[in-house]
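Engineer: So you can see what is in the structure, the chains are spelled out below.
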Amino acid sequence: MNWQAIRAIYVFEMSRFFRTLLQSFVSPVISTSLYFVVFGAAIGSRIDQVEGVSYGAFIVPGLIMLSVMTQAISNASFGIYFPKFIGTIYELLSAPINFLEIVLGYVGAAATKALFIGIVILGTSALFVDLTIQHPVAMLLFLVLTCLSFSLFGFIIGIWAGNFEQLQLIPLLVVTPLVFLGGSFYSISMLPPIWQTISFFNPVVYLVSGFRWSFFGLADVPIALSLLAIAGFTMLCLGIIWWIFKTGWRIRQ
Amino acid sequence: MPMVQISNVHKAFADGFEALKGASLDIHEGEILALLGPNGAGKTTLISTICGITQPTSGAITVGGHDVVTEYRGARSLVGLVPQEINLEPFERVINTVRFSRGLFGKPKDDALLERILRQLSLWDKKDNRIMELSGGMKRRVLIAKALAHEPRVLFLDEPTAGVDVELRRDMWDIVAGLKEAGVTIILTTHYIEEAEAIADRIAVINKGEILLVEEKTALMTRLGQKELRIELHDPVTELPAPLADRGLRIEEDGQVLVYTYDTTQDRTGIATLIREVSEAGLVLRDLQTRQNSLEDIFVGLVSKQEDAA
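Going down the list, the protein sequences come from chains P and D. Mapped onto my numbering, the consecutive letters of the first sequence carry residue numbers 144 to 396. Mapped onto my numbering, the consecutive letters of the second sequence carry residue numbers 76 to 385.
Just to be clear, a hint being listed does not mean it is correct.
As the list claims (entries may be wrong) - Quick look at which bits of chain P chain D covers, simulated, 3 or more residues with Cβ under 8 Å:
1. 148-160
2. 279-288
Unchecked claim - Straight-line alpha carbon distances no greater than 30 Å define the calculated DSSO-like cross-link-like pairs of lysine-lysine that follow:
3. 227(P) - 380(D)
4. 380(D) - 389(P)
5. 292(D) - 227(P)
6. 302(D) - 214(D)
7. 389(P) - 96(D)
8. 202(D) - 182(D)
9. 227(P) - 201(D)
10. 214(D) - 201(D)
11. 227(P) - 184(D)
12. 292(D) - 96(D)
Hints in this document: simulated from the structure, not taken from any laboratory. The beta-carbon is built from N, C-alpha and C at its ideal position, and this holds for glycine as well.
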C-alpha cells in the first residue's frame with residue numbers, strides 16, 4: 144500500500160477545500176438558515192408535530208442528508224474530473240499506485256468535506272431548534288457512510304463525465320429529485336398508500352429514514368434495512384470503480 | 076540487463092489506429108538516448124506505454140527488470156515523465172504541486188531536496204506563486220521539477236524544448252548533464268536534430284510505429300554519413316570538361332565550385348583520382364574542403380527510404 148500517495152492526494156484535495164473555506168462554510172450555513180426560515184417558521188408553524196417531533200426538528204436529518212449527498216457528489220466528481228479536463232491525470236496514471244489508493248485519496252477527501260459540511264449544518268440547526276440525538280453512534284455511522292458512499296458515486300460520475308454539463312447532469316436530474324422525494328421534509332407515512340409504495344423504490348428513503356431514526360427513534364423503514372441499503376450502495380459503487388480501473392474505462396487507453 | 080527493455084510492442088487504439096507496430100528497443104542504464112521521428116511517428120505513444128498512461132496491445136516492456144503491466148509499482152517508481160503538453164493545475168501553488176508529485180510516487184517528505192530542485196530550475200522565488208501566474212517557460216520548469224521531485228532513475232523528456240527560450244534550453248541541458256552524472260537514464264524525444272546531435276549518446280529513429288535504427292551517435296554518423304568534397308576553382312567553368320563529365324560532379328556558385336559526394340565507408344573514395352583528373356583537365360585548384368553530412372541528412376534519408384519501401 145502506497146500510503147504516501149494516498150496522503151499526497153488527500154492533502155492536495157483538501158487544500159482546494161481550505162482555499163475556499165469561507166465559501167465552503169458560509170454557503171451551507173446560509174442555505175440551512177433559509178430552510179429553517181421557510182420550512183420551520185413559515186410552514187412549520189402550521190404543522191404542529193410529526194409523530195411527536197416538532198416539524199423544525201423533524202426536517203433536520205433530511206436537511207443534513209440533502210447537503211451531504213450533493214456536496215459529496217460534487218466534490219468527488221469535480222476532484223477526479225478536473226485532472227482529466229486539464230490533463231494532469233497523466234501523473235496519476237504514471238505513478239506507482241493502484242485504484243484503491245487513488246479512490247482512498249480522492250473519495251477520502253471528498254467525504255471529509257461532506258462530513259464537515261454535515262456537522263456545520265447540524266450545528267446551525269441547533270441554533271434554531273431543540274435537538275436531541277438518541278443514538279449518537281448510529282447517527283455518526285450513518286453520516287460517515289453516506290459521505291463515503293455518495294463520494295464514491297460522485298467519483299464514478301467524474302470519471303464518466305465527458306464535459307462540465309455531464310458533471311452536473313446526474314446530481315441535478317437524479318439525485319436532487321430523489322432526495323426531495325425521499326422523505327427529507329416529510330414522513331413517508333404522510334403520503335397516500337400508492338405513493339408510499341412508490342417511495343420504497345427510492346434508495347434515499349432508506350438513508351434518510353435510518354438517519355432520522357438515530358435522532359428521534361422513529362423510522363419509515365426498519366433500521367436494519369436502512370443499513371443494508373447503504374452498505375449495498377457502497378459495495379455497488381466500489382464494484383463499479385474496481386471495474387473502471389480494471390478495464391481503464393474512460394481513463395487509460 | 077538493459078534499464079528499459081521494449082520487446083515487440085504493438086499498440087492499437089480503440090479507433091483501430093496502430094501507433095506502434097512491433098517496436099523493440101533496449102535502453103542502457105545511464106545513457107542519454109534521443110528518440111527522433113517526424114510528427115505522428117509514435118514517439119509519445121511509446122513513452123506513454125512505458126510510463127503506464129496507455130497499455131500495450133501486445134509485447135512486453137520492462138523498466139529496471141520490472142514488467143510495466145504486471146509489476147507496475149516497481150517499474151513506475153523508477154520513472155519520471157516530463158510531458159509534451161503543459162498539464163498543470165492553474166490554481167495550485169508551485170511548491171504544493173511539486174510536493175504532491177513526490178508523495179504520489181511514495182517518497183517521504185524532503186523539503187531540502189525540493190528546494191535544491193527548485194533552485195536549480197530558478198523556481199525557488201516562485202515557489203508560492205500560483206501556476207497560472209507563471210509564464211509558459213516557467214510552467215515547463217515546474218513540469219520538470221515535478222518529474223525530478225521523486226528522484227527517478229529513468230527520465231523521459233517528451234519534446235522538452237519545443238517552444239522554449241534559449242535560457243531555459245541551456246538550463247535544461249545543464250540539468251540533463253547533471254542527471255547523467257548521477258547515473259540517471261534519460262530518454263528525450265525531439266524535433267531538433269542538432270539537439271540530439273549535441274547531447275545524446277545514442278540515437279533511435281522511429282517512424283510509423285517502428286524503430287528503424289538505434290546506434291551510437293558517432294558510429295551512426297560515420298557509418299551512414301556521406302561526405303562532400305568541395306573543390307574551389309581559380310577560374311569559373313560553365314560546363315564540365317569531357318573526362319569529368321561522368322563523375323557525378325555538381326557545379327555550384329556560378330562555376331566557381333565543383334562538389335563531389337562520396338561515401339566514407341567505401342574502400343576507395345575516388346578522391347585521388349578525381350583530383351588528378353581535375354588537374355589533367357587543365358583546371359586550377361584554389362582550395363579544397365570536405366563536409367560531414369549532418370544527422371538531419373541521415374534522418375531524412377532513413378525516413379524516405381522507409382517510405383519508398385512501403
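Engineer: Work down the list of hints and note, for each, if the structure agrees.
Structural biologist: For each hint, the structure was consulted:
Counting residues of the segment 148-160 of chain P whose CB lies closer than 8 Å to any CB of chain D gives 8, which reaches the minimum of 3, so the coverage claim holds. Chain D is given as covering the segment 279-288 of chain P, and this is violated because 0 residues of the stretch bring a CB closer than 8 Å to a CB of that chain, at least three being needed. Among the hinted pairs, residue 227(P) with residue 380(D) is inconsistent with the structure: their alpha-carbon atoms are about 40 Å apart, more than 30 Å. At roughly 41 Å between alpha-carbon atoms, residue 380(D) and residue 389(P) are farther apart than 30 Å, so this suggested pair is violated.
At roughly 38 Å between alpha-carbon atoms, residue 292(D) and residue 227(P) are farther apart than 30 Å, so this suggested pair is violated. A distance of roughly 42 Å separates the Cα atoms of residue 302(D) and residue 214(D); the hinted pair therefore is violated under the 30 Å criterion. For the proposed pair residue 389(P) and residue 96(D), the alpha carbon gap of about 25 Å is at most 30 Å, so the pair holds. Restraint check for residue 202(D) and residue 182(D): satisfied, since their Cα atoms lie roughly 20 Å apart, inside the 30 Å limit.
Pair hint residue 227(P) plus residue 201(D) holds up; C-alpha atoms about 26 Å apart against a cutoff of 30 Å. Simply put, residue 214(D) and residue 201(D) have alpha-carbon atoms about 11 Å apart, close enough for the 30 Å limit, and the pair holds. This hinted pair checks out: residue 227(P) and residue 184(D) have alpha carbons roughly 26 Å apart, not beyond 30 Å. Pair hint residue 292(D) plus residue 96(D) holds up; C-alpha atoms about 24 Å apart against a cutoff of 30 Å.
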